[in-house]
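Chain A is fixed; fit chain B onto it per the hints.
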Amino acid sequence: MDVFQTLSLIVTDYTLRNVALGAGILGIVSGALSTFAVLRKQSLLGDAMSHAALPGVVLAFIITGQKTPLVLMLGALIAGWLGVVLVSVITSQTRVKYDSALGLVLAVFFGFGMMLLTWLQGQNIASQSGLDQYLFGRAAAIVEHDVQTMALLGVAVLALVAVFWKEFKLLSFNPDYAATLGFPVRAFDIALTTLIVAAVVLGLQMVGVVLMSAMLVAPAAAARQWTDRLGVMIVLSSLFGAVAGAGGAIISSTTTRLPTGPTIVLCISAIVLISLLFAPNRGIVWAWLRQQRNRAELQKAMLLEKVYQVSYLEGSPLQTHPLEELRTFMRGSQLERALEALKQDGYMHLDEDGRWGLTPSGVAQAEAILRERPRALARRPSPDGLRQEVVG
Amino acid sequence: MNPRLEIVTIAAFVAAACALPGTFLVLRRVALMSDAISHSILPGIVIGFFLVGDRSHPLVIAGAALSGVLAVTLTEGLLKTRRVDKDAAIGLVFPVLFSIGVILITRYASGVHLDVDAVLLGELAFAPFNRATYFGLDLPVGIWVMGAILLLNVIAILLFYKELKLATFDPGLAAALGFAPTLIHYGLMTLVSVTAVGAFDHVGSILVVALMIAPPAAAYLLTNSLSRMLVISVVLGVLAAFGGYLVASWIDTSIAGAMATMSGVIFMITLLFAPEQGLIARKRLSRKRRERFAVEMLLVHLSRHENTATEAAENAMPHLTGELNWSPEFAGATVERAGQQGLIEKHGDQLRLTPKGRATAERVLMR
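Protein chains in written order, with the numbering used here: chain A, 690 to 1081; chain B, 78 to 444.
The shape of chain B in the complex, shown without the other chains:
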């Protein structure tokens, strides 16, 4: 493989690995835990690095993931004292752990393969230089590590799909059926931690959050099915990785930053154009509803005054603006629409219901 392809592969693996647990974070409304965890793994990584001297060592990854889980435990412990609320508990714990990490780096590790820039951005561009051979394949360590983590996430989610699904959508029932919600919660948090640690080398501490939240949030706007949401999240994440790589090599900037930006762009596009949940679709839907309601109002109005003494005055075009409080343009458009649907007929200024219109008005009134 050439180095460019290797970088893209790692980026895609990172994005896919993040999107899988991210989907559950978004659905379970604990998205900000990814923020807390991705910051809190830093001291674990630094200490592990001091002890073992190799950031990709499985022991270092496990140790760092443990410090992510520690952050979750501390946050929940703090919450349990009932002295602070949930957001405050998160916001109190992770800055401490992150600060400890930054201080350790500046004091003891500055310049030795671990500096503050790497913490924030990762070093995806250098990933091909660090290689390892397993099964006779000479590939960058990043591919092995992220491939393994991606595989772990896929297997864990496939194995516990039913439990995760139930615990996410009906925690009460899950608990009643004996699914141990706490165990599922901590299992998920462990997956998030391991993924964050693996991704740390490539995209840094904070941008993991973008890859964990943005693709699932976009997928959430595109489907109602959990299995489809997982697949769409992964696809969108990988798209963000490709897009980010292209943008980064085009204007010569950090791949990680560009990936996070692209994941945001993808979310914004989805936010605007999603077929049902998108802003434009919702706007169109609410306009359609308003129009249909206006036509129904018109029909009811006409049917109320049909065959009465005041029919000539009430059921005339100019009267609608005053009676129904419509602007002349809106009244005109509504009459036009009702005419097109064959519900009313225009006789000069007078509006008359067709039999179909009369039937519709009655149905509306019966509703």
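If we strip away everything but chain A, and leave its shape as in the complex, we get:
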């Protein structure tokens, strides 16, 4: 299936449209919330919450016998929330640290959920089938009604973020200051966590509990590379989430036997990789290039200085030297490269005998460099070959 066909299918095909829309909404919401999670260094909170939601989903079904999204979401919300409270009790009341508490809640809750789910599957209740789609998500099962529910929940979450924008911002960057200002930090902390759980709930059908964690880290980690401003970051993060969500969902729906959750995860991870490598300023590639350029500049300056010193010692700054003599300053091809670059700058010249020397402007440049470092100038060897040591 080519790209054009796929695009036209999104408009005409009912299932595909729902899938793309749903995954897009999920991406926007989780992208926005992941911003706060990543900035607050709680990237793995979403991981824990999404796993902890599983027993809530299964219990909600066992208690109500219903599979409507709203009921299951409520169950997930309660279980996820209980998980957060437990983590906070364990870390604040005992010496067990955050990472252990988080991992413990994550795995134990999930194990309990799996235990309930397996038990349920053995009970021969026809209506339970399909609950296990919440493990890895099954986007194809999404209908228009689900999309409407997701949209509603998504708008509610985003509206709350907008209303408490200032508070969440302060909480993310300086919670201690917020506390001294009299902000109810703990209440906002709980509010933000609740919103993250809500995002997890949104992602249940789409990517499933197992891989939802990625959607709560990756979009923000990617967006962080492009900007230093929270406002821009949250928009970018949502955008990345939406692109990866909708893109991944479409790819998996139009390819046979390609599970939705993992596909979306690979899409968002690709965006992260590109951002890490190529984002302006913070991109690793640019940083590497910058480093190379700086090193070349540094070597040029060093060579210029050394040639000046040696020439000065031998009587005249304009003295020329054979290449072999300069090898003591710099090894191998680095020397040739630096000399060539200095020649390009007009600071050095190569005479007919193959000897290198400073040009008058090169002498001026070398003296300018040395003047920036008065001690180096003072240590300049005197013409009679004796070093003038600086005293004190």
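Don't read these hints as lab results, they were simulated from the structure. Cβ coordinates follow ideal geometry from the N, Cα and C atoms, glycine included. Mixed in with the good hints there might be a few duds.
[To be verified] Output of the computed footprint for chain B on chain A, the stretches with three or more beta carbons under 8 Å from beta carbons of chain B:
hint	region
1	720 to 733
2	891 to 904
[Claimed, not checked] Pulled a few chain B residues facing chain A out of the computed Cβ check, cut under 10 Å:
hint	residue
3	M110
4	L155
5	P172
6	V179
7	Y185
8	Q354
Positioned in the frame of chain A, the structure of chain B alone reads:
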């Protein structure tokens, strides 16, 4: 051995093998690495399975463990770019590897002894069907594999006990003494990977984490000694395995899920009732402190006003509630307690220090 006993044995081996490296994960504050590793071994297992066709083959186990170590390396490489923080680095790497594993299974291995349910839960109940004979003993492969991994963990920890202990509690000193912290770290991560791979067949990808963290975290609340913590972790892990097996056969559900649940239950019981670190003990301790402090406050108050003009008014029962801001019940209880300890005497409404009470008040003031 009957199949039930064999299953319980494997479960106990898995729990014990997980608890040993888990103890160090919990103490070194890298517990979530177990989460990352247990997810990341999946592609290694799947690819190894394609190549060799037998998940218990030592080569497959080694290869899969390597993909766990790869996840650690990638995470730390990502951290070293200083573009993301530690949790984000973990959270970015393992979902990718896990996703690749799931995609490989759904596309190429669906239904051939490796499906998504097995990834999440393992197949402990079927373990007795897969048998092998070594040293003239016909036992399930699971017992051989997990027994070997348990043995490996025990030997590795015994051999490098001193190094692990020092690197855990004083990494700076360990480095200064030339113990190569990186080597110890990667050694530990390799143990975790191998254990996770072995346990994968029986309890799946995610529940390993419960067995690696919950028993050591509970043991952490019970002792201050590393050697005792290791032993207690293993005992609690094995208890969780037995308990999980009983619960699973009682209500007919997955043994792995029940094991993880039981490890959580054991942690919760410890959290509440641990003799020193437990929530109840801490609550009781803080109440005891408050009570002792209140008695001392009372003694000091009485001694300040003893033999002054206002003694009659100050050192009377009703005055305490206003002066020390105590509720009448608390004031009554405190006076009662001080009386029982022979520190004060009651004369009607008036409170008088006994010689012992006076001495205590002076000691408190000198403190």
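Problem set entry | Numbers of unmet hints, in rising order | none
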